[in-house]
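Chemist: Sequence:
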Amino acid sequence: MSASAQLSLQGSFALPVLFDLGATFAFALSGALAAIKRHYDIVGVLALALVTGLGGGLIRDGLFLAQGPTPLLTNPHYLEAVVLAAVGGVVFGARIHRFARLIPVVDALGLGAYAAFGVQKSLLAGLAPPAAILVGVVNAVGGGILRDLLCREEPLVFKPGQFYFLIALGGAVVFLFCTATLGWSANRAAIATVALTFVLRSLTITFNWRTAPVSSGSLFENDDVPPALPPKA
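UniProt numbering applies: residue 1 is where the sequence shown begins, and numbers increase by one.
Don't read these hints as lab results, they were simulated from the structure. Any given hint might turn out to be false.
[To be verified] Estimated spans, in silico, between C-beta atoms of each pair:
1. P130 x G62: 16 to 22 Å
2. S215 x L18: 41 to 47 Å
3. F177 x D41: 24 to 30 Å
4. F177 x P69: 16 to 22 Å
5. V91 x P213: 36 to 42 Å
6. R210 x V91: 34 to 40 Å
7. G11 x I42: 41 to 47 Å
8. V214 x F19: 17 to 23 Å
9. P76 x I42: 19 to 25 Å
10. L149 x F92: 25 to 31 Å
11. F158 x L63: 14 to 20 Å
12. V199 x G68: 33 to 39 Å
13. V199 x Q67: 29 to 35 Å
Backbone N, C-alpha and C define an ideal beta-carbon position, used for all residues, glycine too.
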């Protein structure tokens, strides 16, 4: 039996609406603060808030699944949360940073939740398990990647740093394994996924567990150095 069929027999889980909107607001606020830090105007603040808050879901539904209008746009509350976060960042400025301290907590919870939700939605749409894992990871980290690209920076998840992408990948794999192999219900698997990723992300932040570059730099210490990229316009 395929993973998607097995998952459909065990039901499905839905993200709590208040959590989903709250996470969207928190992620959008982090994008707005990044824009304010770079001295962007209101258009830039709104743009970064939008892609950071909704980017992963927009990529999931618009690029990978292509199932018509995404609920992120048909439900006005998501865009309202983005606009509220952008306006809050502009109006309250530095004082909003007190709330921003909660973003890592929301992010640690959302990492597993959105990875699991992306995997589930992909399996129910008929995607193969490896593709479902890909969509789950992108659903979890896609907003941050789009934010960095719009800021003309290398995405943080591509560079050595605290474990983040790999935790999302692990969460997606755990959810798929629990539903397709162990036969757990989607709700039970989602709870296990969120709990695991939250603990791992919290430990990563507490003990500063970090990834390492695959090369020490000696690989290109000869004449075969790759050509430099063209300068920015």
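Chemist: Hint by hint, where does the structure go against what was stated? Just the numbers, ascending.
Modeler: As far as the earlier hints go, 3, 4, 8 are violated by this structure, in ascending order.
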